Every structure is written in C-alpha cells, then in structure tokens.
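Chemist: The primary structure of each chain is shown beneath.
There are 4 protein chains.
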Amino acid sequence: MIRITIWNEYEHERTIPAIAQVYPEGIHGALKSILSEEKDFEIRCATLEDEDQGLSEEILSNTDVLIWWSHARQDDVTDENVRKVVAHVHAGMGFIALHSAHFSKTFRALMGTPCTLNWRENDSEKLFCILPSHPIAQGVPQCIDLPHEELYGEPFFIPKPDDVIFLGWFAGGAVFRSGCTFTRGLGRIFYFQPGHEEYRNYDIPAVRRILKNAVRWAAPSVRLDSPPDNVRI
Amino acid sequence: MIRITIWNEYEHERTIPAIAQVYPEGIHGALKSILSEEKDFEIRCATLEDEDQGLSEEILSNTDVLIWWSHARQDDVTDENVRKVVAHVHAGMGFIALHSAHFSKTFRALMGTPCTLNWRENDSEKLFCILPSHPIAQGVPQCIDLPHEELYGEPFFIPKPDDVIFLGWFAGGAVFRSGCTFTRGLGRIFYFQPGHEEYRNYDIPAVRRILKNAVRWAAPSVRLDSPPDNVRI
Amino acid sequence: MIRITIWNEYEHERTIPAIAQVYPEGIHGALKSILSEEKDFEIRCATLEDEDQGLSEEILSNTDVLIWWSHARQDDVTDENVRKVVAHVHAGMGFIALHSAHFSKTFRALMGTPCTLNWRENDSEKLFCILPSHPIAQGVPQCIDLPHEELYGEPFFIPKPDDVIFLGWFAGGAVFRSGCTFTRGLGRIFYFQPGHEEYRNYDIPAVRRILKNAVRWAAPSVRLDSPPDNVRI
Amino acid sequence: MIRITIWNEYEHERTIPAIAQVYPEGIHGALKSILSEEKDFEIRCATLEDEDQGLSEEILSNTDVLIWWSHARQDDVTDENVRKVVAHVHAGMGFIALHSAHFSKTFRALMGTPCTLNWRENDSEKLFCILPSHPIAQGVPQCIDLPHEELYGEPFFIPKPDDVIFLGWFAGGAVFRSGCTFTRGLGRIFYFQPGHEEYRNYDIPAVRRILKNAVRWAAPSVRLDSPPDNVRI
Numbered sequence: 000m001i002r003i004t005i006w007n008e009y010e011h012e013r014t015i016p017a018i019a020q021v022y023p024e025g026i027h028g029a030l031k032s033i034l035s036e037e038k039d040f041e042i043r044c045a046t047l048e049d050e051d052q053g054l055s056e057e058i059l060s061n062t063d064v065l066i067w068w069s070h071a072r073q074d075d076v077t078d079e080n081v082r083k084v085v086a087h088v089h090a091g092m093g094f095i096a097l098h099s100a101h102f103s104k105t106f107r108a109l110m111g112t113p114c115t116l117n118w119r120e121n122d123s124e125k126l127f128c129i130l131p132s133h134p135i136a137q138g139v140p141q142c143i144d145l146p147h148e149e150l151y152g153e154p155f156f157i158p159k160p161d162d163v164i165f166l167g168w169f170a171g172g173a174v175f176r177s178g179c180t181f182t183r184g185l186g187r188i189f190y191f192q193p194g195h196e197e198y199r200n201y202d203i204p205a206v207r208r209i210l211k212n213a214v215r216w217a218a219p220s221v222r223l224d225s226p227p228d229n230v231r232i
Numbered sequence: 000m001i002r003i004t005i006w007n008e009y010e011h012e013r014t015i016p017a018i019a020q021v022y023p024e025g026i027h028g029a030l031k032s033i034l035s036e037e038k039d040f041e042i043r044c045a046t047l048e049d050e051d052q053g054l055s056e057e058i059l060s061n062t063d064v065l066i067w068w069s070h071a072r073q074d075d076v077t078d079e080n081v082r083k084v085v086a087h088v089h090a091g092m093g094f095i096a097l098h099s100a101h102f103s104k105t106f107r108a109l110m111g112t113p114c115t116l117n118w119r120e121n122d123s124e125k126l127f128c129i130l131p132s133h134p135i136a137q138g139v140p141q142c143i144d145l146p147h148e149e150l151y152g153e154p155f156f157i158p159k160p161d162d163v164i165f166l167g168w169f170a171g172g173a174v175f176r177s178g179c180t181f182t183r184g185l186g187r188i189f190y191f192q193p194g195h196e197e198y199r200n201y202d203i204p205a206v207r208r209i210l211k212n213a214v215r216w217a218a219p220s221v222r223l224d225s226p227p228d229n230v231r232i
Numbered sequence: 000m001i002r003i004t005i006w007n008e009y010e011h012e013r014t015i016p017a018i019a020q021v022y023p024e025g026i027h028g029a030l031k032s033i034l035s036e037e038k039d040f041e042i043r044c045a046t047l048e049d050e051d052q053g054l055s056e057e058i059l060s061n062t063d064v065l066i067w068w069s070h071a072r073q074d075d076v077t078d079e080n081v082r083k084v085v086a087h088v089h090a091g092m093g094f095i096a097l098h099s100a101h102f103s104k105t106f107r108a109l110m111g112t113p114c115t116l117n118w119r120e121n122d123s124e125k126l127f128c129i130l131p132s133h134p135i136a137q138g139v140p141q142c143i144d145l146p147h148e149e150l151y152g153e154p155f156f157i158p159k160p161d162d163v164i165f166l167g168w169f170a171g172g173a174v175f176r177s178g179c180t181f182t183r184g185l186g187r188i189f190y191f192q193p194g195h196e197e198y199r200n201y202d203i204p205a206v207r208r209i210l211k212n213a214v215r216w217a218a219p220s221v222r223l224d225s226p227p228d229n230v231r232i
Numbered sequence: 000m001i002r003i004t005i006w007n008e009y010e011h012e013r014t015i016p017a018i019a020q021v022y023p024e025g026i027h028g029a030l031k032s033i034l035s036e037e038k039d040f041e042i043r044c045a046t047l048e049d050e051d052q053g054l055s056e057e058i059l060s061n062t063d064v065l066i067w068w069s070h071a072r073q074d075d076v077t078d079e080n081v082r083k084v085v086a087h088v089h090a091g092m093g094f095i096a097l098h099s100a101h102f103s104k105t106f107r108a109l110m111g112t113p114c115t116l117n118w119r120e121n122d123s124e125k126l127f128c129i130l131p132s133h134p135i136a137q138g139v140p141q142c143i144d145l146p147h148e149e150l151y152g153e154p155f156f157i158p159k160p161d162d163v164i165f166l167g168w169f170a171g172g173a174v175f176r177s178g179c180t181f182t183r184g185l186g187r188i189f190y191f192q193p194g195h196e197e198y199r200n201y202d203i204p205a206v207r208r209i210l211k212n213a214v215r216w217a218a219p220s221v222r223l224d225s226p227p228d229n230v231r232i
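Sequences listed follow chains A, B, C and D, in order.
Counted the way numbering that gives the first Met the number 0 counts, the first sequence spans residues 0 to 232.
Counted the way numbering that gives the first Met the number 0 counts, the second sequence spans residues 0 to 232.
Counted the way numbering that gives the first Met the number 0 counts, the third sequence spans residues 0 to 232.
Counted the way numbering that gives the first Met the number 0 counts, the fourth sequence spans residues 0 to 232.
Derived from the structure by calculation, the hints contain no laboratory data.
Check before you lean on any hint, since a few could be wrong.
To be verified - On the chain A side, residues computed to face chain C include the following (Cβ under 10 Å): (1) 47; (2) 79; (3) 81; (4) 91; (5) 187.
Said to hold, decoys possible - Covered by chain A, according to a simulated footprint, are these stretches of chain C (three or more residues, beta-carbon under 8 Å): (6) 185 to 196; (7) 219 to 230.
As the list claims (entries may be wrong) - Here are some chain D residues the structure puts well away from chain A; computed CB gaps all over 12 Å: (8) 18; (9) 109; (10) 115; (11) 144; (12) 203; (13) 218; (14) 227.
Computed from a prediction, not measured in an experiment: that's the story for all the values here.
Every residue, glycine too, gets a C-beta built ideally from N, C-alpha and C.
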C-alpha cells in the first residue's frame, strides 16, 4: 500500500460560491476520488483548519506521499509545520506540489529559490510531454489539451529540476515548466502546474494518469525516522 | 581575439531565388556582418563547396568557435569531416549549432540522440529567457518576438542539456527548448533554434546579442592539440 | 518478463588461461547466473564470435535491456552493428555498459564524448552510494568494499550524467563516477565501473543487487519500432 | 570592480590558541590577502560580532560576491539575517560557501536539503578536477594535493548541483563532491570543501586560483534591487 495524504488549504471552495460549485467536495475530495481508483493507494485528506493544521507528526510519519494544494492562505501555515514537512521529505516522504502550491512555504523551503512566475487568469493550455521515458509520463499522450487553465509563465525561479517532464504552452503567449521533479534529502518531489480552482482539470483522463504515476514515482524507496544528520566516522 | 569560423551549407541561398533575395550574402555573410561588430572577433567563413568542405585540419585547428548552419545537404558532409569536427570539440573548440543544424551529422554525433522534433513552416515565435543569470542571456530581454519563424516543437530528442536558457512559444501551438547548452569533452556547445532561411531573424537586436554572447561563452578556456585519451597512471 | 541480452566480447576468458580460470563460464555466464535469480528475467547471452556478432535485428528487437561487456576488441564491432544498437536504444531499449565498455563504440556513440579516463591495474575500491533514493540504489549499502579492482580515475570525459549514483574511491589515489545514468532518445542507460576480468566482483551480494536493480530501472516503459523521426505537424 | 565581502564567523581563531597561531589574522584575513592580489577586487571583511552580525542591508546591497566561513556558531546567525542573505542571492549576489559552511543556516536555506555529511578530523585530500572546461577550473591542475585536511565524506545531502567541478579523495577512505555550483534565483553559488581551520590550505597556489576564479564566476551579470516576485501579466 502507498499511504497518501492529500493536504488542501480548502479555502476557496468554502468561501467562494462559484468555486464551491466547481468543487463541492473540495479539491482534496476530487483528488481523493481520482486516486481511489488505484487499489493499492490508501488515502487520507487533511486541511488547514484541521487540528495541527492537518500536519501532525502522527499524520506525516504515516504518509508516504504528501500531495499539497494551497493558494490564498499560504502564509497561514506555521513555520513549525513547514519545518516538519520539510524534515519528513528529507527523511524520504514524497511530496507533490500542485498549481499555486509553487508559492507555498513548504515548496519554497524545499527549493531555496523565490519560486515566482508570471500569471494571468482565464487562458488555455497545451501540456507537452518532453521526456516520454520518465515513469510519470507512462501512458500519457504527447500533448494534453486543457481548454481552460490559468496562465503560468516563465521565468519560473526554481532550481534546475532533476527532470522537466512537461512543458506548458498557453494560448495567451507564455511557456512554463509545468511538470518538474526534484530530490531533497531522500525525498522525491514533483511539481505539477495544472489545477486552477475554477476548472476541473484533474478530471481529465491524461491528468489523472499523471497524478497516479506521480504518486507511485514519489513513494519512498528509503524512509528514515528522521532526516540524515552529520556523522563522525 | 576569438577566432570564429562560420560554416554554412550555403545551398538554399544559391539555388532558390526567393532565399537568395532574403540572404544575398548567404546566411554566413549575414552572421559575419553581425559578429564583425565585435572588435575582438576574428571571423572566417567556410561552406560545403569549399575545398575539404571547408573543414580542413588547418581551418579547424585555428578555430576557437565553430558556428554551423545546415539543412538540405546534411548528409553530404563526409563522415571523416564529422569525425574531425567532433574531435576538435572534444579538444576544446566551441560549437554553435543553428536552427536546422539540430539534424546535422556533427550535432547528432555530439549528442548521441536522434535530435528529432516536430515542425511546420510559416509560424511565429516568442522566445522566453528562463535562465537570465546565464552569460548567454546577458543583456537579453525576458521575451523576444520573432514575427516569422518556422515552428519547431517538442518532443526534441536531445540529451538533458547542461542548461536550457531559452524556451520557444509558437503561435501554432508548440513549445521548444530553443536555446540549450552542452559540454562534450572540453568543448562547449550551444544549440539555438531560430534562423529559418526565409526570414532575417539574426538581424533582430536581441538575437544579435545572443549570438555574440554565445561566441564568448563557447570560446575555449582549455584547448588541447587532440581529444583526451585514456592514460595509464 | 524483462528480456535481457548479455553481450560479452568473450575474448580474455577464451585466450588467457588465468582469466579462463576466473571466469570459466565467461563473464556473460557469471552475469547470467546472477540475473537468473530473478524469476521475471528472461536471459539470453550473445558474444562477438556469434553470427552477426550476436547483434542481429532479431536479437535486438527482442531485447528489453542489453548488458554490454567489452575490452580488447572494442573496434571489431562493426559500425553497422553500432548503428543498430544505438537505434534500438533510441527506440527505448535499455543499455547497461560495464567496466571497460566505457570505451566501446556503442557507449561512445551514445555519449558523444571521448569517454576516456585514467587507469592502473591492481588496486582496490570503495564504492559509495551518493544518491540512496535512486531505484538502482535500493537495498544497497552506503559503501561497498571491492578488495580487488582495476583503478579507474577522473577525469572521465562523459557528458553530465542524469544522475551519479555511485562514486568510486581507489586506494591508489583516484576517484571515479562509478555508477551513472543517461537518457538517449527513449532509452535508459546505466554505466557501472566495477568488473575487471581478473576478479569476480559481480558475485559480491551488493553488486548483484545493483545489477538487478539496474535491469529493472533500464527496462523500457515505452518501446517504439524505430527511433523517433522528424515529424511535420 | 567586483565588490567582495568575506564573512567569517571568527570564533576559533579568537578562542582557541592553536587556531589563533594558524590564522593570526583570522581566516577572513587570510582570504582577504589572497584575493587582494587581484587588482579589480574590492574587499571588505565582516564577522559575526560586528554590528548587525556584519550582515546589514548596507553591506549586502554593496556586495557582488559574499564569501562565507562558519562552523561553531552556525545557529547564532539570526533568522532575519539568513533571510536577508538569501534575498540578496535571489536578487543576483554571488555566494561562496567554504568548508563547514555546508551546515550554515544560509547555505541550507539556499539548498533546501539537510546538507549533512560524514566527517573525521586529521586526514589528507587529493582534489580532482572533473570538469576542466568550467571557468572555476581555469588554470587549475588535474589534481591538487592537500597533505592535511579534514575528511568530508559522501553521502552529502545536497540537491543535484548544476556542476560538480571537483571531487575529493581522502586517504582515510572517503570521496566528496568538493566543488559544486548551484543557481538560486539570479544568484550563482559555489560550495568549496577545503578550508579546515587547523591548516592553511587556502594558501596553496592552486586553491588560491580556484578562489579567485570562483569570485569572477559568481559575480552577478544581473542584479535586481529585490528578489523576483510573482507578476500579473
């Protein structure tokens, strides 16, 4: 079993009626329903308003892959919880940052860069697979159409990724490294750009496939009790 | 002084009247005129119809940076000349492959990959700089408009570049790693996608700047007489 | 099933009595016996003296992962066979180059670099795992002792690897990127330095584990009938 | 002119008599004397006990390249000062982390990883150049002998470097990525392992050359007033 925790800020879906209509079950609910199609995925959801912000030591130490969606309340996540998530990634926990989580405190702490970008609402995207041999690309077509998606444009100030698997083309005139992997300590990280709250892009079959592939890829092959430390030998 | 050889297949400009009108001096002539603006660049041109196909040992051993444009007659370059160019790159000579030179025998021999791509004539491009701190990007704006350019689209089957400096957005719906660096032996390589023979994109000021920066970046800091060999120590 | 072809030059073991004693079954035989421990590996051996040098289209098109050991007769492999192997890697076949295969025509064609190094016989190695989260490192200790191994030393003129998984420390005073991965077209490549013909280092349990992991990692997730080609879209 | 600030914790040299004898002028003093050999380097020193810990906005905004040595008092640097240094690197300031600065709060914040390693006092090192074409390696021999140096051993939990220029071999049986580059925002970073406080390894001519090369390489080609921000376009 791969133990997944889907962490969602869960703000827009509660406070903006139009978004509540798009995601009545919350973005975490939508993601859960997709990932539940895999028999060996054991899925838990957690949100910012949960006890410990849904990021207790008990939850994290029982999570193989943490999926993270956040936007409006990035800075409400406590520094202590950021440190805990980062420590678990370093110890081997997989981490998948979705869409506006590019600017979450957790993702930025793991990257060490500004993680800033250009953006504009109300655009459309073509997602091109540029590394078809990568496990996350398995069974994914060369190009995925997202008729509605928020534009994210370069320059995206991330460190050089281990692999860039997907490049995004936006009709409004922008390109973006839309699917990138990183290693931090023993943890594998995937950043995936699609997923603006106004559209149900996670439902698109090829996107579902990417999400499932990413979970399998990010699941730890080594998981320590705590991050590596300096060792006198 | 940086000693530059601009090698051009020089076929379209001689045989197709419409192209002859665009580049009456040949693409090599246009490039020479641009690079001649730099006082410390010493420039020679060479073409496929020259003696030794313009790739004699004498020329190559006196070249710091070889610029290469080719398209219709890729396969007419002899295997022996490919081997010579590759050996000089391994020994430290810089190499800049332009546009359709993605499919030259020299570039492919240096990459070890198919170097294939998707393409379509008659499109337009926006060239985004995604690594503004790279020396090749110095003084280059975040986005360069190329109102006319042939579409080159991913997947582009190259090895993972050392750096991707420019990403191309094509109006027709494609993205491309349009400016990439590689190291092979002691030689530095820059692949730059713009430069279809029907348009004078090299004249665009920001493109001129990229070409000049690329030459400085590719000039060898170490140049051996021959490629490195196995050494019993 | 993963279909493996172990290709061995098979020269030293036939012509040098001391080596014949070390590997009476040939290096390919030793590798076959190790990999046969895995129930889903289907293994064939091929050698330079076989028909078509053991590299017929029939063999290659039925191989998921090609393992390659060569040394004394690198240049006897025909250019045509090199082209065939490279094409199959581009189309998705995995390729594992062992020890002195760093200087095989196939590996060099896939790298585009000299692939040269420093060397000296009769040394010992400690193999350090520097990327423990990589699939090839799964279950492998931080350090593997090889009491007898030929010294291979940097500089090793390869392109920047996708990942460096193992670094070798040699008692005689050298370091080496002893385990590296590359992607070429759709094919995954692993270069692994241990395996000098005078010692039975492949028998060491941690090395066996690396070989098995590498086969699983290199097995194609996408396999085309022929390498990618340029496509007019 | 390249404006350099050498920041040194300056603790061992003040509090341990044996170290005070090795570096009577402080490690910063030794570095200053080396870098002062270059006519276009403008050098300032700063230490932890200075006002604002030597990291005032005034100092940082007038620094092109910040060199950092720290060890015993890593955690005494305030989080606010770490944030300031990181912001200046993101805006383009070069950063050179020396030896035990691998575990400084600044370096770790820029890496996003544990930055931990194995270590042991009292060893010797051979420093091998594995990327001789890199600007930092210009004029540097293939191997530099450091008869006395603290052992640092892999696994070193850093992100994949942009380039690994030097690999360290330690007589005691360890290897280390001893010279690595990274890009963070617009800033260029070089980590260089030698420099234990008991030995005067910075005085070694080839090491001097590396330090000078690294400063030139890390000097910003672009420097913003503040880090990049998200931009609505």
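Chemist: Indicate, hint by hint, whether the structure satisfies it.
Modeler: Here is what the structure says about each hint:
1. 47: This hint is violated: residue 47 of chain A lies away from chain C, its Cβ roughly 29 Å from the closest one there, beyond 10 Å.
2. 79: Nearest chain C Cβ about 25 Å off; hint violated.
3. 81: For residue 81 of chain A, the interface hint is violated, since the closest Cβ of chain C sits about 21 Å away, which is over 10 Å.
4. 91: holds (7 Å)
5. 187: holds (6 Å)
6. 185 to 196: holds (count 3)
7. 219 to 230: holds (count 3)
8. 18: holds (19 Å)
9. 109: violated (4 Å)
10. 115: violated (5 Å)
11. 144: The claim holds: residue 144 of chain D sits with its nearest Cβ about 22 Å from chain A, beyond 12 Å.
12. 203: Residue 203 of chain D is indeed farther than 12 Å from all Cβ atoms of chain A, at 25 Å.
13. 218: holds (19 Å)
14. 227: violated (5 Å)
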